[in-house]
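With these hints in hand, go ahead and build the complete structure from the sequences.
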Amino acid sequence: MARLTLQEKLALLSDAAKYDASCASSGTSKRHSADGKGLGSTEGSGICHAYAPDGRCISLLKILMTNFCIYDCAYCINRVSSNVARARFSVEEVVHLTTEFYRRNYIEGLFLSSGIIRSPDDTMADMVRIARELREVHHFRGYIHLKTIPDAAPELIEQAGLLADRLSMNIELPTDAGLKAYAPEKDADGIRQAMGDVRARKEELKTPTYRGRKAPKFAPAGQSTQLIVGADGASDRTILQSSTRLYGDYRLKRVYYSAFSPIPDSTAKLPLIKPPMVREHRLYQADWLMRFYGFDANEIAPDQGNGMLDLEVDPKLAWALANRHVFPVDVNRAGKDMLLRVPGFGTKSVGRILSARRSGALGWTDLRRLGAQVRKAQPFIVARDWRPGALTDAENLRARFAPPPEQLQLI
Amino acid sequence: MQVVTLPRLGTFDAWRDRARGLARAGVCDTAVTWQMEGDAVSLFGDTAPVSEPPLRDITVPKAFPALAKQLCASRAPGAFDLAYRLLVRLNDRPGLLSNRADPDVDRAEKIAKHIRRDMHKMKAFVRFREVTPQGANRRQFISWFEPDHRIEELIAPFFSRRFGDMDWIIVTPEVSTRFDGGTVSFEAVKTERMELSDETEELWRTYYANIFNPARLKVKAMQSEMPKKYWKNLPEAALIPGLIADAEARVHEMRKAAPTLPPLRAAKVLNRQNKDDN
Chain A
1 MARLTLQEKL ALLSDAAKYD ASCASSGTSK RHSADGKGLG STEGSGICHA YAPDGRCISL
61 LKILMTNFCI YDCAYCINRV SSNVARARFS VEEVVHLTTE FYRRNYIEGL FLSSGIIRSP
121 DDTMADMVRI ARELREVHHF RGYIHLKTIP DAAPELIEQA GLLADRLSMN IELPTDAGLK
181 AYAPEKDADG IRQAMGDVRA RKEELKTPTY RGRKAPKFAP AGQSTQLIVG ADGASDRTIL
241 QSSTRLYGDY RLKRVYYSAF SPIPDSTAKL PLIKPPMVRE HRLYQADWLM RFYGFDANEI
301 APDQGNGMLD LEVDPKLAWA LANRHVFPVD VNRAGKDMLL RVPGFGTKSV GRILSARRSG
361 ALGWTDLRRL GAQVRKAQPF IVARDWRPGA LTDAENLRAR FAPPPEQLQL I
Chain B
1 MQVVTLPRLG TFDAWRDRAR GLARAGVCDT AVTWQMEGDA VSLFGDTAPV SEPPLRDITV
61 PKAFPALAKQ LCASRAPGAF DLAYRLLVRL NDRPGLLSNR ADPDVDRAEK IAKHIRRDMH
121 KMKAFVRFRE VTPQGANRRQ FISWFEPDHR IEELIAPFFS RRFGDMDWII VTPEVSTRFD
181 GGTVSFEAVK TERMELSDET EELWRTYYAN IFNPARLKVK AMQSEMPKKY WKNLPEAALI
241 PGLIADAEAR VHEMRKAAPT LPPLRAAKVL NRQNKDDN
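As given, the protein sequences belong to chains A and B, one line each in that order. Okay, so the first sequence: first residue is 1 according to this note's numbering, each after it adds one. Okay, so the second sequence: first residue is 1 according to this note's numbering, each after it adds one.
Please keep in mind that the hints were generated in silico from the structure rather than gathered at the bench. Quick reminder that beta carbons are idealized off the backbone N, C-alpha and C, glycines included. It is possible that some hints are incorrect.
[To be verified] Computed far set for chain A versus chain B, every beta-carbon distance over 10 Å:
1) Gln-226
2) Val-326
3) Asp-337
4) Pro-403
[To be verified] Partial chain B-side listing against chain A, Cβ under 8 Å, derived:
5) Gly-182
6) Tyr-208
7) Ala-257
Structure, rendered in structure tokens:
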């Protein structure tokens with residue numbers, strides 16, 4: 001085989017990395033290089049330096065160290081049984097791409113993932129070497145996200161956590177049965193164990209030593225994972241319940257949902273579908289409701305019904321339509337938790353309502369000025385100059401929001 | 001009517017000095033017009049500062065200076081006047097800024113939001129090109145960028161914190177910002193658009209083309225975050241039309257392709273693992 005150029009490797013190993021949805025670079029500790037001795041900074045919120053025509057943000061150089069892999073996960077372009085061309089970066093090549101892209105302000109940092117080669121320990125050790133080279137030789141102070149290999153030795157995960165801003169492990173399939181069927185080499189218990197270890201280590205290092213010295217930061221931007229949507233038969237309720245556990249028991253920072261997307265050289269085991277993008281979007285909305293709006297997975301995807309989110313209206317509106325007895329809510333009196341449940345009110349507008357209503361009772365125009373979507377909120381609120389009357393309980397309320405039914409196509 | 005003309009560089013500091021003096025003298029906001037040097041809004045020149053003795057102390061809430069700084073960077077008509085009007089009104093109503101339902105506060109916050117967006121996009125879309133001469137001991141980079149507002153001085157600290165070990169220049173149509181050996185300096189000088197390029201751009205374009213997933217085409221989402229006005233200065237943007245045009249055919253290919261036989265080594269690798277497990 002002819003030696004691949006750096007450009008050819010980059011093409012293969014970024015193509016292989018695009019099925020990972022995460023590109024976040026925010027929420028880590030603050031660093032800078034104003035002292036002139038290093039390169040890079042991080043400050044709270046990350047930056048999207050470009051957008052691809054798929055609408056996704058490009059914030060990090062997201063690549064695989066190698067796409068050689070000994071696992072055979074059916075949904076994955078890099079599985080051992082795929083005929084995709086293979087390549088491998090050297091440590092120097094990854095360091096070069098990261099720092100040179102960074103200097104030109106193309107990226108916030110590196111998201112390094114890898115196929116499993118030889119053994120989990122070898123793979124993880126190589127990834128740690130890249131991160132160490134960046135931090136210690138090049139004094140790189142930008143963002144580093146390392147995908148950790150669940151079965152790698154704890155010392156390696158420890159080193160990875162001390163060098164990186166974020167660690168992640170992808171579960172990919174929401175149920176253990178799905179994992180067994182489509183990712184036979186992956187071990188659900190092993191992944192959970194590793195996530196629990198990272199959580200424990202993170203908390204351990206947060207408590208200062210008895211001498212009062214501050215411990216080194218361990219993965220300051222936390223852990224994340226990804227679930228593929230639509231590859232196996234898991235319902236939205238199953239997915240959201242598993243997210244609840246991940247946020248609760250393992251203190252994950254983010255769970256990403258990735259609509260199962262066609263890959264080149266697919267396997268007969270898993271037929272290609274059109275990626276369920278609306279479903280993915282609804283899951284993100286539901287995830288937001290659980291993290292910032294005080295909703296519970298069981299409220300959003302209740303036991304009755306098929307366990308799937310409504311594709312036509314967003315999950316908050318769907319909940320309000322199904323729970324009209326708690327509405328209308330008086331915007332001048334209601335508490336924060338109830339205001340957060342009003343369709344059309346975001347966390348920002350709720351904050352503004354709470355602070356503005358101290359200066360006087362709020363009316364319709366005030367709410368609009370505060371950034372609330374008043375048309376959506378209309379049936380669910382009472383304001384100084386607005387009462388919904390019978391609208392809250394109107395039979396056809398859902399039809400006001402749902403898109404009109406599509407005409408059947410006659411072919 | 002008083003007219004105050006503000007300089008292109010150091011705009012906020014100049015505004016603050018003059019505004020403080022006027023407000024302490026009790027000058028009503030309708031009695032002052034503010035303008036940027038070079039923008040001949042008023043036919044009258046800058047009038048002499050008021051000479052009345054200070055009549056009252058001026059205090060502002062903590063959040064005001066940052067808001068006023070953003071207003072002073074804006075090209076929106078009346079932004080300086082609005083900043084002064086808020087300053088005057090704050091004297092009687094110190095809690096004013098927390099009431100977003102107030103039309104002045106609302107407009108100020110909207111203008112400030114535009115400034116923050118403009119700054120954010122500049123952090124994102126500045127592209128440096130290397131111009132290091134031989135033998136230099138620090139690497140040198142240059143960028144051309146066209147912000148919507150006068151944000152050069154507001155944004156410079158971000159680039160100094162980030163690119164501390166290299167020298168750089170960011171040129172905009174009105175101001176050149178230079179970071180040389182660790183110190184920042186500004187020069188108000190009109191410049192025409194510069195055509196720049198760099199070898200590494202080819203690698204960046206390769207990355208951009210390959211990280212794109214053709215099965216998830218969402219052109220509107222891309223354009224709302226990366227509006228076309230920025231494209232001419234982004235090395236990757238020239239690829240966009242081609243990527244969009246080919247997307248459908250590429251997905252069709254993937255679907256049409258029949259599953260292939262696994263490569264020979266697959267069976268060997270999987271066998272070895274099974275043996276290890278037993």
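Hints, one by one, checked against the model:
1. For A/Gln-226, the requirement that its beta carbon stay farther than 10 Å from each beta carbon of chain B is met, with the minimum near 14 Å.
2. Remark: the non-interface label on A/Val-326 is consistent with the geometry, its nearest Cβ contact in chain B lying 26 Å away (cut-off 10 Å).
3. The beta carbon of A/Asp-337 sits about 21 Å from the closest Cβ of chain B, which is more than 10 Å, so the claim that it is off the interface holds.
4. A/Pro-403, annotated as away from the interface, keeps every beta carbon of chain B farther than 10 Å; the closest lies near 17 Å.
5. The beta carbon of B/Gly-182 comes within 5 Å of a beta carbon in chain A, closer than 8 Å, and the hint placing it at the interface holds.
6. A hinted interface residue such as B/Tyr-208 counts as satisfied when its beta carbon comes closer than 8 Å to some beta carbon of chain A; here the least separation is about 6 Å, so the hint holds.
7. Interface hint status for B/Ala-257: upheld, as the beta-carbon distance to the closest one in chain A is roughly 7 Å, under 8 Å.
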